[in-house]
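Asks: Given next are the chains, with one letter for each unit.
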Amino acid sequence: MSLSTLTKPWEAMSYGFLDGSAKRELRRKMLKSVAVPGCQMPYASREVPMARGWGTGGLQVSLTLVNPQTRVKVIDQGADDSVNAASIRRFIARVAGTPTTMDTLEADLIQSRHRIPEEVLREDQVLVLQVPNPEPLRPVQPNMSIARQMHADADYGRMWLQLYEQIVRSGRVMQGASYPSLVHGRHVMTPSPIPRWDVPKLHMAEHLTILSAGREKRIFAVPPYTRVEPLVFSDVPYKVEEHGHLTCTRSGTKGFFMNEVPQDDGSSAFEVSDSEWGVKTIRARDGIGESRGETWYKDGEMPQ
Amino acid sequence: MAYVATRGGERAIEQSERLFREEMGSFDRERVEEVKKGLPYLIDRVMGEASLYDEDLAALALAQTGGELYEAVLLLRAWRTTQPRLQVAEPIEQDSLFTHRRISAAFKDIPGGQVLGPTLDYAHRILATDVLQGVSYAPDPVEPATNPSPAYQPSVSAWQAENDLLDSPAEDPTKGNDIPDLTREPLLFPSKRAHTLQSLARAETGGVLALGYAAMRGYGQAHPTVNELRLAEAEIAVTHPDGRQFSAGRVKVSQAEVVDKKGEKLGIGFAATFGWNEVKCIAAATLDLNSPSAEKGSATEEEFFLYHTEGVESSGFCIHFKLPHYVTFQSSLDAMRDAKAKKAAKAREPAE
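Here the protein sequences line up with chains A and B, keeping their order.
Quick note on the numbering used here: the first sequence kicks off at 1 and runs consecutively.
Quick note on the numbering used here: the second sequence kicks off at 1001 and runs consecutively.
Mixed in with the good hints, there may be bad ones.
Pairs of lysine-lysine, DSS-like flavour, derived with a Cα cap of 27 Å [said to hold, decoys possible]:
no., chain 1, residue 1, chain 2, residue 2
1, A, K239, B, K1342
2, A, K23, A, K8
3, B, K1296, B, K1261
4, B, K1265, B, K1192
5, B, K1108, B, K1342
6, B, K1265, B, K1296
7, B, K1342, A, K254
8, A, K254, B, K1340
9, B, K1192, B, K1108
10, A, K23, B, K1192
11, B, K1262, A, K239
12, A, K254, A, K298
13, A, K239, B, K1346
14, A, K298, A, K239
15, B, K1108, B, K1265
16, B, K1192, B, K1296
17, A, K239, A, K254
18, A, K23, B, K1175
19, B, K1192, B, K1262
20, B, K1192, B, K1175
21, A, K32, B, K1192
22, B, K1296, B, K1262
23, B, K1175, A, K8
24, B, K1343, A, K239
25, B, K1296, B, K1108
In short, the hints are calculated from the structure, not lab data.
Remember, it's a predicted structure, so these values are computed and weren't measured experimentally.
One chain only, chain A, in its complex shape (with noise of 0.2 Å):
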């Protein structure tokens, strides 16, 4: 025996960039996730070159799933062409060989910074987006260690409490985006700060979402046709932004969630956030083919 055989001859880097023994971690804990819903798993979270709370999360379980046939996409705000986004798919497809793509439709797997897709994601694709902060529980107890107790007790008493503080203060539910959800009826996760228009679509979804958490070394996940119900008083419904009614002014699309742009006049502008959802209505428009498929959401409503 010599130090020769017991290592691979040199290589600069690993495929995918990450050694095995990082993705038989990740491998291990996005099952241990996907066999408990919405229940927070730390993880042996390494560094990737890429700065923390950059994706890390997201990329070290893309970098695990992934292979060379992979079609992978990468959005940011919703956007593939948002700069981060763009890196992450670079990386990706430089690291681990991967085709990329824009469309929804065609991506085998979609890693995304606070959106989901606006068209319906399939059995056969995962979603997996970026997490800045996995706890809910941080606004109302920031010590992780006893977070974490609060989860096994399933004690929600004071999650419970904010939101109602919340309607008698400002005569609603003030949380934006990541908006707390109970998942399979038994933990409470935060869906990642995509908007609330976006948390009903993991609602007994098709697909697979990992979330992870690459800074603060947490992953969980929610498996296809599971339970995701945001936090709701009986006679409080769920509230998603006030977005069905309005009418992206490049594209022409209505009823999707949108970004606000100011205007020079003191207005405001809106453009679809999901912009290749954009781009296949602009092709539509122009007689270059249809390509969308089906939405979530019908006529700006979330059928229930």
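Fit chain B to the given chain A structure using the hints.
Replies: Just chain B now, with coordinates in the frame of chain A:
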């Protein structure tokens, strides 16, 4: 097809990186050598925070990032994490350290003696502006002592333990690959002792100093006395697959022990790191000293200071706020506007 700006985004990030690199121009092995030779304490700091002992790689990381410390440490960490763990070295005992500097503030003299070694502690901090006028700076030669101090020294706390002043920590029999490794496992609380010491060893110097200083100023319960501070070189003994033990070389290490009165005995805090970095070790040992009695949520509680002194994580999260957040912002605006409209509608209602 005005909507498709993807190539624009890719081009922009490419060019922004080029702009950053253009400032520094091309560099080669020579610059790496210069950085390594001219900035040994910076190299030490970077090696400690990266938890990777390699002066050449550290110098390369500094040259490649133009001295952007957080970037340099991240480069090294990202490289380190992909490397296989071939061997676990033998544990290093204090009395086997090849010691360059060793001082104790607790006693006037200690067995083995106070060894000042290399330090700027008593230097007058006057900027050598002559150098800018073209005068080269030549340090005065060191005059060797007639009686050189011994290279290997016993630990001060061992003497204190013998004299019943302090309880030495129980010996940990864990060996080799069974020793918890922070770079291969998540940090959970209450933290494993190995994880605590590893976290402190690779913590960001400024962060450790800030929280350690807060503890020293009075936000902690314990007042540190520097029991022993060492700058040394440690022999890395590893076992060849054929069973022979051999030295893989020496690494520079620093360590600090700080103590405080705790009932009738002394409480002890400890920290050690790669490279020579005294400030970090004293501050980290102070946090360690304070943590057993710390309140939950206080700055001297383990969970608080270990999370918040992690330089790669804290710096990364800090700069992530530059990323677009317009979706989350839009979501908040929607709630704010709706709440405001509700309030206005209510105000218009006639009083009953």
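Asks: Decide, hint by hint, whether the structure agrees.
Replies: Structure-based check of each hint:
1. K239(A) <-> K1342(B): holds (14 Å)
2. K23(A) <-> K8(A): holds (17 Å)
3. K1296(B) <-> K1261(B): holds (22 Å)
4. K1265(B) <-> K1192(B): holds (24 Å)
5. K1108(B) <-> K1342(B): Status violated; Cα separation ~73 Å.
6. K1265(B) <-> K1296(B): Within the cut-off at roughly 24 Å; holds.
7. K1342(B) <-> K254(A): holds (25 Å)
8. K254(A) <-> K1340(B): holds (25 Å)
9. K1192(B) <-> K1108(B): Violated - the C-alpha atoms of K1108(B) and K1192(B) are around 35 Å apart, more than 27 Å.
10. K23(A) <-> K1192(B): holds (24 Å)
11. K1262(B) <-> K239(A): Distance of about 56 Å is beyond 27 Å: violated.
12. K254(A) <-> K298(A): Judged against 27 Å, a Cα distance of about 10 Å means the pair holds.
13. K239(A) <-> K1346(B): Holds, because 19 Å separates the two Cα atoms, which is no more than 27 Å.
14. K298(A) <-> K239(A): holds (16 Å)
15. K1108(B) <-> K1265(B): holds (20 Å)
16. K1192(B) <-> K1296(B): holds (17 Å)
17. K239(A) <-> K254(A): Distance ~19 Å between K239(A) and K254(A) Cα, so the pair holds.
18. K23(A) <-> K1175(B): Distance ~25 Å between K23(A) and K1175(B) Cα, so the pair holds.
19. K1192(B) <-> K1262(B): Holds, because 23 Å separates the two Cα atoms, which is no more than 27 Å.
20. K1192(B) <-> K1175(B): holds (15 Å)
21. K32(A) <-> K1192(B): Cα-Cα ~23 Å, so holds.
22. K1296(B) <-> K1262(B): With a Cα-Cα distance of about 20 Å, the restraint between K1296(B) and K1262(B) holds, given a limit of 27 Å.
23. K1175(B) <-> K8(A): With Cα atoms ~26 Å apart, K1175(B) and K8(A) stay inside 27 Å; holds.
24. K1343(B) <-> K239(A): Within the cut-off at roughly 17 Å; holds.
25. K1296(B) <-> K1108(B): With Cα atoms ~37 Å apart, K1296(B) and K1108(B) exceed 27 Å; violated.
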